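Using the sequences provided together with the hints, build the complete structure.
Quick mapping for you: the protein sequence lines, in order, are chains A and B. Take 2 as the starting number for the first sequence in the working numbering and just add one per residue. Take 72 as the starting number for the second sequence in the working numbering and just add one per residue.
Derived by calculation from the structure, the hints in this document are not laboratory data. Everything numeric in this text was worked out from a predicted model, so none of it was measured. Beta carbons: idealized from backbone N, C-alpha and C, even for Gly. Treat the hints loosely; a few may be bogus.
Pair by pair, the computed Cβ-Cβ distance ranges are [unchecked claim]: (1) B:Thr136 with A:Ala7: 30 to 36 Å; (2) A:Thr63 with B:Leu555: 49 to 55 Å; (3) B:Val132 with A:Leu53: 27 to 33 Å; (4) B:Arg512 with A:Ile82: 46 to 52 Å; (5) A:Leu6 with B:Met281: 19 to 25 Å; (6) A:Gly11 with B:Glu541: 53 to 59 Å; (7) B:Met91 with A:Ile82: 23 to 29 Å; (8) A:Leu57 with B:Glu541: 57 to 63 Å; (9) A:Tyr19 with B:Met281: 20 to 26 Å; (10) B:Leu81 with A:Ile82: 25 to 31 Å; (11) B:Leu93 with A:Gly87: 22 to 28 Å.
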Amino acid sequence: MHLLLALLVGVLFAAGVYLILQRHLLRIIFGLILLGNAVNLLVFTVGRAARLAPPLIPEGMTVPPEVTANPLPQALVLTAIVISFGLVAFALVLAYRAYATLGTTDTDALENDAPSPADLATNGRAPADEDAAEASPSSPDPVPSDDLAR
Amino acid sequence: MTWLLILPVLIPLAAAVASMLLRRAPRAQRVLNVAGTGALLVVASLLLAGVWQQGPQALQVGGWTAPFGITLVADLLGAVMVLITAVVGLAVAVYGLGSIDATRERFYYHPLYQLLLMGVCGAFLTGDLFNLYVWFEVLLIASFVLLVLGNDRAQVRGAVTYVIINLVASLCFLAGVGLLYGLTGTLNMADLSLRLAEVDAPGLVTAIAMLFVIAFGVKAAVFPLFFWLPASYHTPPIAVAAVFAGLLTKVGVYAFLRVFTLLFHHDVGVTHTLLLVVAGLTMVTGVLGAAAQQDVRKILSFHIISQIGYMIMGLALFTPLALVGAIFYIVHHIIVKANLFLVAGVAERIVGSFDLKHLGGLYKAHPWLAILFIIPAFSLAGFPPLSGFWAKLILIKAGLDVGAYVIVGVALVVGLLTLFSMTKIWNGAFWTPLAEGLALRPARRRGVMLMVGPVTVLAVLTLVIGLWAEPFFQFATEAAATLLDRTEYIEAVLGPGAMAATPPAP
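Right under this line is the structure:
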């Protein structure tokens, strides 16, 4: 059981690392999701996953009657899942906004895109039309057509 | 008095929730933001006074005894970090009143700011490694939204890098936490410190330590993991950038200090030597990066990186005096760096640009602003008698004491190059005449006055630390002694006699 889980963790890590090395923003986010799951499984596995009784204490007793499974790694993983859910949701919205405002999801193009003069003029004081979380599909910025074709 | 420990987390949370409910009343939100950070300052002062008099304090939340429950601990380092967070938090909150636009206010700038402070304070006070991860995530998500708030092209571009690299670092951190739990069966940091001494697998412990080096290294922006910082810190409004520059990377440095004194101190030859190399390279690359920039905010961003190198150098030398230097450096640096960003914001408000090519004529028009810039700038470069001089002096003395001449040489040269960058800003923004066709805007406006007030207060603080360094040095000495000794910290969490009760390592 542990060996299988360890192998799965390794495969997930490898796939995740491969994906975050890609240039496409969505693939990077998929890589983050895989890595997140790999880490969660890792925490679960090193916390001694085994088929044991649930950690419940019967009425009238102060300690469980038999050896129970360790609930703590599950609590940790549950917390980590909730956190990574929130962060991945944010990252997806950000990727969408990057596509809408910058017109590309290619990370190389993101880096090399020099800021336009208008951008410089309003930098830091640009009026915010919408919250990042309330992204609207219509973007005020022009989207280069060659990027749309990808 | 232990209940005080929960307040630095509860106050910002309450302020954030209340101002989210008051979405349609920006004025009430502003009052709440300043009042919340003001209350945080009072509580942090009380907390520090209590820790100074009675030693480290621990609070077992919910009454579950350590190491099973959630523990909050304040030792001198944690308490002073909370205090300095409150000082910078209040200064930037007031500054934000004059500089944050109405649209950002409508989209929850104030609540997010409070949530960010909550995450930072929580990270400084937690006594549990997994909770440290959770607090990191809290401050990260708040910083993500603050960074993109406004939806500017440059902001989105910077945020993509920032978000992805920080998520990867968090995953490294979580993997390290999980492996440590598998090795020791505990996550309470005081308990971990005792249990790790019993673990008979030095290679495994060092390997896990490396995961933490990467995780905290990204957060603290050390070489070669710093690229996200200059890509993103110049994009948000200057009030947000200042609080990021002052506090966020220092949470990473704090985590380094905490974890590599309390947990990973068994194999100093490997871990701390690596940190020393990293520290030197961080200083050099940061300061060279700054030399190539023309935007004031980018110059200052690169200087954050080179200054982080000094703090890591203090930890890596791992002598009592070096840790004193690191703690002194963090306290001085948070104030000075935030202040430099704030001054840059005032200059931008008057001239209309952050670019050294466009800036100019400020000394002639506003000599007071030049003085407000020169104090933190000289302090950053390490001019006597300002605070940065003492911080560097302690570190260099500590380096000479152990014969680490290479790192001392690097630190001195980097100090000189820092002065070069500061002179560049001075020349470009203050000394040279304003470019033709540009006009200065009037400075005597309410918004600008709200920005200058906090700048002045922080500059005075820099002067106080510099001219009256003795008590600060003594304080840092005590804090470093607690870090290195560990007994006080562990007994505060696990109860008296915890150190003695542990069986010696087999």
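We went through each hint and held it up to the structure:
At roughly 34 Å, the beta-carbon separation of Thr136 (chain B) and Ala7 (chain A) lies within the given 30 to 36 Å, and the hint holds. The beta-carbon spacing between Thr63 (chain A) and Leu555 (chain B), approximately 41 Å, falls outside the hinted interval of 49 to 55 Å. Between Val132 (chain B) and Leu53 (chain A) the beta carbon distance is about 29 Å. The supplied range of 27 to 33 Å therefore holds. For Arg512 (chain B) paired with Ile82 (chain A), a C-beta distance near 51 Å keeps the hint of 46 to 52 Å intact.
Taking the beta carbon of each, Leu6 (chain A) and Met281 (chain B) are about 23 Å apart, inside 19 to 25 Å as hinted. The supplied range of 53 to 59 Å is met by Gly11 (chain A) and Glu541 (chain B), whose beta-carbon atoms lie about 55 Å from each other. Our hint of 23 to 29 Å for Met91 (chain B) and Ile82 (chain A) holds, since their Cβ atoms are close to 25 Å apart. Separated by about 59 Å at the C-beta atoms, Leu57 (chain A) and Glu541 (chain B) satisfy the suggested range of 57 to 63 Å.
Under the hint 20 to 26 Å, the C-beta atoms of Tyr19 (chain A) and Met281 (chain B), about 21 Å apart, fit the expected range. Checked against the given bound of 25 to 31 Å, the beta carbons of Leu81 (chain B) and Ile82 (chain A), roughly 26 Å apart, stay inside it. Hint check: Leu93 (chain B) to Gly87 (chain A), Cβ distance near 24 Å, so the stated range 22 to 28 Å holds.
Consistency with the previously given hints fails for number 2 only.
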